[in-house]
Each structure stands twice: as structure tokens, then as C-alpha cells.
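Numbering-wise (UniProt numbering), the sequence shown opens with residue 1 and increments by one.
Quick caveat, the hints were computed from the structure, so don't treat them as lab data.
Think of the CB as a built atom: it goes at the ideal place given N, C-alpha and C, for glycine as much as any other residue.
There may be inaccurate statements among the hints.
Label pairs and their computed distance ranges (CB to CB) [stated by the list, open to error]: (1) Glu-21 - Asp-217: 45 to 51 Å; (2) Gly-243 - Gly-112: 28 to 34 Å; (3) Gln-76 - Ser-119: 41 to 47 Å; (4) Asp-217 - Arg-66: 20 to 26 Å; (5) Gly-243 - Ala-26: 50 to 56 Å.
The calculated DSS-like cross-link candidates involving lysine-lysine, where the alpha carbons are at most 25 Å apart (straight line), are [stated by the list, open to error]: (6) Lys-97 - Lys-252; (7) Lys-278 - Lys-225; (8) Lys-33 - Lys-111; (9) Lys-177 - Lys-163; (10) Lys-245 - Lys-225; (11) Lys-252 - Lys-225; (12) Lys-161 - Lys-177; (13) Lys-184 - Lys-163; (14) Lys-245 - Lys-177; (15) Lys-184 - Lys-111; (16) Lys-33 - Lys-74; (17) Lys-177 - Lys-225; (18) Lys-163 - Lys-245; (19) Lys-177 - Lys-159; (20) Lys-163 - Lys-225; (21) Lys-111 - Lys-97; (22) Lys-111 - Lys-210.
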Amino acid sequence: MPTQLDVITIGEAMAMFVASETGDLAAAEQFVKRVAGAELNVATGLARLGLNVGWVSRVGNDSFGRYVLQQLAKEQIDSRGVIADDRYATGFQLKSKAENGTDTTVEYFRKGSAASHLSVADFNEAYFCSARHLHLSGVAAALSDSSLELLNHAACVMKRKGKTISFDPNLRPVLWKSEAEMVKQLNNLAFQADWVLPGLSEGAILTGHKTPEAIADFYLDHGVKTVVLKTGADGAWFKTADGEKGAVSAVKVDNVVDTVGAGDGFAVGVISALLEGKTLQQAVSRGNKIGSLAIQVIGDSEGLPTRAALGE
Numbered sequence: 001m002p003t004q005l006d007v008i009t010i011g012e013a014m015a016m017f018v019a020s021e022t023g024d025l026a027a028a029e030q031f032v033k034r035v036a037g038a039e040l041n042v043a044t045g046l047a048r049l050g051l052n053v054g055w056v057s058r059v060g061n062d063s064f065g066r067y068v069l070q071q072l073a074k075e076q077i078d079s080r081g082v083i084a085d086d087r088y089a090t091g092f093q094l095k096s097k098a099e100n101g102t103d104t105t106v107e108y109f110r111k112g113s114a115a116s117h118l119s120v121a122d123f124n125e126a127y128f129c130s131a132r133h134l135h136l137s138g139v140a141a142a143l144s145d146s147s148l149e150l151l152n153h154a155a156c157v158m159k160r161k162g163k164t165i166s167f168d169p170n171l172r173p174v175l176w177k178s179e180a181e182m183v184k185q186l187n188n189l190a191f192q193a194d195w196v197l198p199g200l201s202e203g204a205i206l207t208g209h210k211t212p213e214a215i216a217d218f219y220l221d222h223g224v225k226t227v228v229l230k231t232g233a234d235g236a237w238f239k240t241a242d243g244e245k246g247a248v249s250a251v252k253v254d255n256v257v258d259t260v261g262a263g264d265g266f267a268v269g270v271i272s273a274l275l276e277g278k279t280l281q282q283a284v285s286r287g288n289k290i291g292s293l294a295i296q297v298i299g300d301s302e303g304l305p306t307r308a309a310l311g312e
């Protein structure tokens, strides 16, 4: 594994069992095993594009944990920051099979998981600072108080060291004590980031504003350099602290299979392009393209392309 990383991220991975037939999960008899986790999806997408990526987490010292580690090796993701925990288990989830873009049902079995015990004790400054960019998500922030503390500590150190930081709110209201607490904590993380990547509805919840520009201005006024909003079927809209702004149309998709993972794919496109020195317009266009690929397959990361498949 390389000693220097392009990107490092922190999150939880779970074993995911996707039903092989549509319908009620209770009636499903056959499942396909995959790995799931928002931050791991982003790490996977970036690694497939040839970036050197480190993923920091805890997994149980169990078969699911070994499966996660096998998938990291398969995708060539640096796992030096992953701890196999003898005390707590790896989480897992059951997911219904989507049909024609309908919403899937997901049941989580993650309470008290190994990843929820992430803490500042898992922060290795030398390892983190070997990366030039830190990507954070609201999912890891919601796992536990100690995980949230780790994210804030990592952001503080990386910012002080002059690294760039991206943040995807990735709202999970059910994991928070209250919406007010979620808004407060996620905005505190967002204010430390250079690039903030909310969905339009997420931005409305977090800022109290409804329009893309008002949401963007909320974060820009708190020191964020660039805000990119996912605007669904319209594509995406962006604005920078320098006043650059614009909209990028969505990529038309004839067959939407499963929308889970689209936002992670979008993040992969934007982050990878910006780290390559592409313009913001090019980065958002790549985000839309990879997001569109993600929704055409079953599974959270199966649609994330290699560099060759990206076709740029």
C-alpha cells in the first residue's frame, strides 16, 4: 500500500443482504451478500478511478468483519486504519430488491456495532496527514458521540495542516436524538469543510432555506469555499465563495433500478475531479455522470466505474 494517500475517510461498513426477489422482506428466501456503507462507497469509487484511498473504521473480529476486509483488499483500499474489535460485532442490513426505481426497504442491525465505538483514540495523526484530502459524511457522525468527536478532531487537525476537506451531510434522522441536535452537529462539521455536498431537501432541513442559492450562501457565509447541491432530476447547482455559480443538467437515465448510492457516486465524481484540478463545472458534470451510473444497478457500489469505464 502507498505511504502517501490522496483521500482518507472514516465510516462504518456493514454486510448487506439483498433479496433476490421483489416483495416483502419477510417472504424473501434468498439473498445476495454485498458490503454497504456511505463512506466506503465513496472510498470504493475513488479507488476505482485510481486514487490512493484510506478508510478508517472498526469491524468485529467475525465473519462479517473479515468479509469487509476482503472487499477492501479487492478494491485496493488502504486498510491500515481499520481495527478488528474483539468486543463488538460488525453490523449488517437486509435490503429488499428494487423494481423500476421504487424505494427499497432496508432493515439495519447495527446498534452497538464495532464501528459505533470509533473514538479519538483511533486517530493516528501521521496516517491521516499522509493524505491530501479528508472526506466526511453525516452517517459516521450519527453513529455515536465518540464517533462524532473523532470526525470533529480529524477535521480540526486536517484543516490546521492545510488539507482540503469535503462533507456530505447524508442525513440519517433516525440515528440522532433529535432533529435540532442533528442540524447543530452536522452544520458544525460542514463549517470546517472546503466543499459541502448536500441534497436540496437536506440543505433545507439544515439551513432553513429553500432555494439552492440561499442554502449555498448559508454555508459560504460560515467559511465554506464551495457548495454543490444535488437537485434531483434537475441535476446539480453550485456556488463558490468567489461568486462563481451555475447549474449542471442531470444525465438522462431510461432505466432507474436502485437509487441507493447515487449521492455517494455524485461525491466520487466531484471529489475526484477537483483533486485532479478539473474545473468545478467539470467536477459537477462528472458527479452527475457517476450518480447516473449508480442508479442503473442493484447494489450500493456496483455501478461505480473504473477510469476506463468513465470514458473521460
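Outcome of the hint check:
1. Glu-21 - Asp-217: 45 to 51 Å: Given about 47 Å between the Cβ atoms, the range holds.
2. Gly-243 - Gly-112: 28 to 34 Å: Roughly 47 Å apart at Cβ, these two residues miss the hinted range, so it is violated.
3. Gln-76 - Ser-119: 41 to 47 Å: 27 Å, violated
4. Asp-217 - Arg-66: 20 to 26 Å: 47 Å, violated
5. Gly-243 - Ala-26: 50 to 56 Å: 53 Å, holds
6. Lys-97 - Lys-252: 23 Å, holds
7. Lys-278 - Lys-225: Satisfied, since the Cα-Cα distance of roughly 16 Å is no more than 25 Å.
8. Lys-33 - Lys-111: Given that 25 Å is the threshold and the Cα spacing comes to 20 Å, the pair holds.
9. Lys-177 - Lys-163: 31 Å, violated
10. Lys-245 - Lys-225: Holds: Lys-245 and Lys-225 sit about 12 Å apart, inside 25 Å.
11. Lys-252 - Lys-225: Judged against 25 Å, a Cα distance of about 29 Å means the pair is violated.
12. Lys-161 - Lys-177: 32 Å, violated
13. Lys-184 - Lys-163: Holds, at roughly 24 Å.
14. Lys-245 - Lys-177: 35 Å, violated
15. Lys-184 - Lys-111: Between Lys-184 and Lys-111 the Cα gap is close to 23 Å, so the pair holds against 25 Å.
16. Lys-33 - Lys-74: At roughly 15 Å apart (the allowed maximum being 25 Å), Lys-74 and Lys-33 satisfy the hint.
17. Lys-177 - Lys-225: 30 Å, violated
18. Lys-163 - Lys-245: Roughly 24 Å separates the two Cα atoms, so the pair holds.
19. Lys-177 - Lys-159: Violated - the C-alpha atoms of Lys-159 and Lys-177 are around 28 Å apart, more than 25 Å.
20. Lys-163 - Lys-225: 13 Å, holds
21. Lys-111 - Lys-97: Roughly 23 Å between the alpha carbons, so the hint for Lys-111 and Lys-97 holds.
22. Lys-111 - Lys-210: 33 Å, violated
Violated hints, listed in ascending order, are 2, 3, 4, 9, 11, 12, 14, 17, 19 and 22; each of the other numbered hints is respected by the structure.
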